[in-house]
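Going down the list, the protein sequences come from chains A and B. First residue of the first sequence: 1, per the numbering used here; consecutive thereafter. First residue of the second sequence: 414, per the numbering used here; consecutive thereafter.
Hints were generated in silico from the structure; no laboratory data involved. One thing to keep in mind: the hints can contain errors.
To be verified - List time: in silico DSSO-like cross-link candidates among lysine-lysine, alpha-carbon distance up to 27 Å:
id, chain 1, residue 1, chain 2, residue 2
1, B, 428, A, 402
2, A, 172, B, 522
3, B, 522, A, 213
4, B, 537, A, 81
5, A, 164, B, 568
6, B, 522, A, 80
7, A, 403, B, 428
8, A, 213, A, 190
9, B, 568, A, 80
10, A, 190, A, 166
11, B, 548, B, 500
12, A, 80, A, 151
13, A, 80, B, 571
14, A, 81, B, 571
15, B, 522, A, 71
16, A, 164, B, 522
17, B, 429, A, 402
18, A, 81, B, 568
19, A, 403, B, 429
20, B, 429, A, 164
21, B, 522, B, 571
22, A, 247, A, 71
23, B, 571, B, 500
24, A, 71, B, 428
25, B, 571, A, 71
Owing to the predicted nature of the structure, the values given are computational and were not obtained by experimental measurement.
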Amino acid sequence: MFRSTGSGLLVARIAWASLLRRRTRTVLVVLMIAMSLWGLLFMQGLYEGMYEQMIDNAIRSGSGHLTIYAKGYRLEPDIKKLITNIEEVARFLAKDQRVASVVSRINQEALAATANYSRNAKVLGVELGAEQKHGRLADYLRQGELAFGPKARGAVVGSGLAKKLKISLGHKLVLSAQATDNEVSAIALKVRGIIKTNNLAIDDGAVFIDQAKAAEFLGIGAGVTQVCVILHSEEEMVPLQQALRQKFTDLEVFRWDELYPALMQSRVMMEGFSYVTYLLVFAVAALGIFGVILVSILERIREFGIMLAIGTEFALIRKIVLFESFIIGFLGYLSGSLLGGLTLNYFRVHGLDLTAFSEGLDAFGLDAIMYSIIKPDYFVTAFLAVLLATILSVIFPLRVLKKARPIEAITKL
Amino acid sequence: MMVAAIAWRNIRANKKRSIVTVALISLTTALLVYSSAFMDGSHNKMIQAAVEIYPGYLQITQRDFRDNPSYDNLILDTGALHRLVEKTAGVAAHGARFETFVLYAAREKAVGAMLTGIEPEPEKLLSRLHSSLVKGRYLTKDDTNALYMGVELAKRLKVDVGDTLSFIGNGADYSFAADRVEVVGLFKTGLFDFDGGATFLNKPYFDQMMASTDLATHYVVLPRQPAAVEELAAGLRQQLSRDYRAESWRQTMGGLVEAMEVDSIFGYITLGIIFIVIFFVIMIYTLLTVFSRIREIGILRAIGTTPGQVLAMLLGESMILSLLSVCLGGLIGGALAYYFYLNPMEFPSYEEQFKQYGLAVTSMPCAFEPLTILRDMAIMFLLSLLSGLYPIVKVNRYQPVEAMHHV
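One chain only, chain A, in its complex shape (with noise of 0.2 Å):
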């Protein structure tokens, strides 16, 4: 009869009679992991979706995936502390395959003020082109233009700065700030943008304006205080910070979770945040399977006796008990990843509106409409958790059965 070489055709077919025979049961425990995989998928495509949207207006808006600084400019920002060796970085740059682009920025701290408010801020000064293609600023351009006007006596603000300062486009601005010479200078300015970036560094503070005339502002004859860097790919950005740090020892260069460490640390947090309820689901899930699994094998220790008796081995019977979990498990993640995937895809086109706590978003600096990721190994972590909870599941009513001693079984009723 059965032979333990038996073929897994009818490992199979045993199996999944069995399941059939419990319909109700089978359909309830495919159900539990298809609808907690599919809670789990779309919260872990929903935060991450969230906090690499964070990530990237930061590097898009503010460091880049590297940024180059002065000797000593991070720990005391001072317009003193130039990069005056400009060209030399650029085409150092320029050469680099990893790169995908690189701005150049003058920052100082000053008083932007109208006729009524005054707030402190941020100037930028940039060159709008170069920024355009780096960080693709029109993306969060909230009103008017992406432009300095003629004579470049135009700015573009922060949104946060222009609301405290109930500017909007074509009113003047005064910056006063201080210039090389310790004087403070000043110079007045036409609104003619707003921008939203999330980074609440730029949205609170940043009055960008032309980079020659910020230079002239604030008395500078060459240089730079800060050089911005996207690369192709992320992994690629410790060895060209390496590489940059051996080429201009006169140079600080840093990555972006070097300068903002909390938007790291969320990442870090999220992950670790994922994969305890991750965890904790599971261990309840496979609370559930091993449950089904112990009561049918127990049910039909008779069946299994016989079986036994007419000579099938153990191990096939072994077989057809995994055999059943497995298929559960194997239905349950394909339904659940199914529902996940098609729910994360919705959500990563059409975004989730959460325009109602919009003033909360901006607390945090997150997107008002927040969009999902899927990563490939979310539907590789979803098999493994899977997979596992239904192996441990099987084990103890396993090693029950054997104990069991089925063939006495036959004779009691």
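Take the given structure of chain A and dock chain B to it, following the hints.
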């Protein structure tokens, strides 16, 4: 009563199932009770810190000031406001503030910052400015050009206690205002933006320079009972003229309150996912036990027990188990919440992250609200009853003979 007795007997007969169900539901209840206590507690703490450091529980401003904070919308008669608030019941302290922004110039650096004229004595109670002193001294009501400054700002300007610096800004009459002041004290609240951008002067002196005598941007009121702030605000609104608004921190710090709500929503989504699985597991376990007793149920029906009685018996079992588990879970979760309410958890390594979001806290206590705990227990009780419902109803649909022969 008989149903309850039978139900109890059945629970004891199926010990393993009962133990697993009780363990599962009580752990879930404990998890829910503890999680909501932790979320509420940490949110309250963050809001409390944010409110108490500077903004205060209750602010009175000119009607349009919050929408349009300009010198055109000032409180024009602080003396009258002072007299009015003074005779209001339930007020612990109150004082006027005049906020403006100026550019400071020290020897090497120029930095823009907030300059506020405060009444040093009441301000000791209204905010944490006085208790956040780290070097030098706090302001007194007779001070002249003595400046009280955040430590981070002092670092940026490279000044210390005893140094002088000058500032330029706009007076209340839009005149140009400039003066030299001496740093007398440094404070550190832990709120990075605030420590890096706020400075204070004694208001009488400030008023001479800024032409702001009897004027204010904000009038801050500390209620005797922080929890009764809404009632106090409502009471003040009735007495104040229509030119003024009295608002509690719930309105003045709406963004922060909303941020905490968003955080709670994400927390509940995560808990929801865990609950879905548990819901299914309870349903599966109920199904397994109910069907393992299907012959017994068939026989009961055959000897004349009505479907209603069987339903009552099974529901009774489910109810007893749920009630037991929920009480146990509520006790465990409540005990945990109470412990962490007394001994808040510390998160020193996340200080940096919290600061970035303007939250000056490193320890997070749980809230201990018996009502919330009861609410969570009720939710779990309903959930576990609901999850058992389907198998119970399903088994009752069988005809007695079918049930007896069920394999």
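Hints versus structure:
Note on residue 428 of chain B and residue 402 of chain A: the hinted pairing holds, with a Cα-Cα distance of about 23 Å set against a maximum of 27 Å. Between residue 172 of chain A and residue 522 of chain B, the direct Cα distance comes to roughly 26 Å. Compliance with the 27 Å bound is thereby established for this hinted pair. At roughly 21 Å between alpha-carbon atoms, residue 522 of chain B and residue 213 of chain A fall within 27 Å of each other, so this suggested pair holds. With a C-alpha separation of about 41 Å, the suggested pairing of residue 537 of chain B with residue 81 of chain A is violated against the 27 Å cut-off.
Pair hint residue 164 of chain A plus residue 568 of chain B holds up; C-alpha atoms about 25 Å apart against a cutoff of 27 Å. Distance check on the hinted pair: residue 522 of chain B and residue 80 of chain A sit about 11 Å apart at the alpha-carbon level, within 27 Å; holds. Restraint check: the Cα-Cα separation between residue 403 of chain A and residue 428 of chain B comes to about 21 Å, which is no more than 27 Å; the hinted pair holds. Using a Cα cut-off of 27 Å, the hinted pair residue 213 of chain A and residue 190 of chain A holds, with the two alpha carbons roughly 13 Å apart.
Distance hint between residue 568 of chain B and residue 80 of chain A is fulfilled; the C-alpha atoms sit about 17 Å from each other, no more than 27 Å. Between residue 190 of chain A and residue 166 of chain A, the direct Cα distance comes to roughly 14 Å. Compliance with the 27 Å bound is thereby established for this hinted pair. Distance hint between residue 548 of chain B and residue 500 of chain B is unfulfilled; the C-alpha atoms sit about 36 Å from each other, more than 27 Å. Proximity of residue 80 of chain A to residue 151 of chain A is assessed by CA-CA distance (about 26 Å); at most 27 Å being required, the pair is judged to hold.
Distance hint between residue 80 of chain A and residue 571 of chain B is fulfilled; the C-alpha atoms sit about 15 Å from each other, no more than 27 Å. For the given pair, residue 81 of chain A sits about 16 Å from residue 571 of chain B by alpha-carbon distance, which is consistent with the 27 Å threshold. Distance restraint check for residue 522 of chain B and residue 71 of chain A: the Cα-Cα separation of roughly 18 Å lies within the 27 Å cut-off, and the hinted pair is therefore satisfied. For the hint linking residue 164 of chain A to residue 522 of chain B, the alpha-carbon distance of about 24 Å falls within 27 Å, and the restraint holds.
A C-alpha spacing of about 20 Å is found between residue 429 of chain B and residue 402 of chain A, which places the hinted pair at or below 27 Å, so the restraint holds. Between residue 81 of chain A and residue 568 of chain B, the direct Cα distance comes to roughly 17 Å. Compliance with the 27 Å bound is thereby established for this hinted pair. Of the pairs offered as hints, the one joining residue 403 of chain A and residue 429 of chain B holds, with about 19 Å between alpha carbons and a cut-off of 27 Å not exceeded. Simply put, residue 429 of chain B and residue 164 of chain A have alpha-carbon atoms about 64 Å apart, too far for the 27 Å limit, and the pair is violated.
Taken as a hint, the residue 522 of chain B and residue 571 of chain B pair is honoured in the structure, with Cα atoms around 8 Å apart against an allowance of 27 Å. For the suggested pair residue 247 of chain A and residue 71 of chain A, the alpha carbons sit about 14 Å apart, so the restraint of at most 27 Å is met. Proposed proximity of residue 571 of chain B and residue 500 of chain B is contradicted: the alpha carbons are some 45 Å apart, above 27 Å. With a C-alpha separation of about 72 Å, the suggested pairing of residue 71 of chain A with residue 428 of chain B is violated against the 27 Å cut-off.
Note on residue 571 of chain B and residue 71 of chain A: the hinted pairing holds, with a Cα-Cα distance of about 19 Å set against a maximum of 27 Å.
Hints 4, 11, 20, 23, 24 from the earlier list are contradicted by this structure; the remaining hints agree with it.
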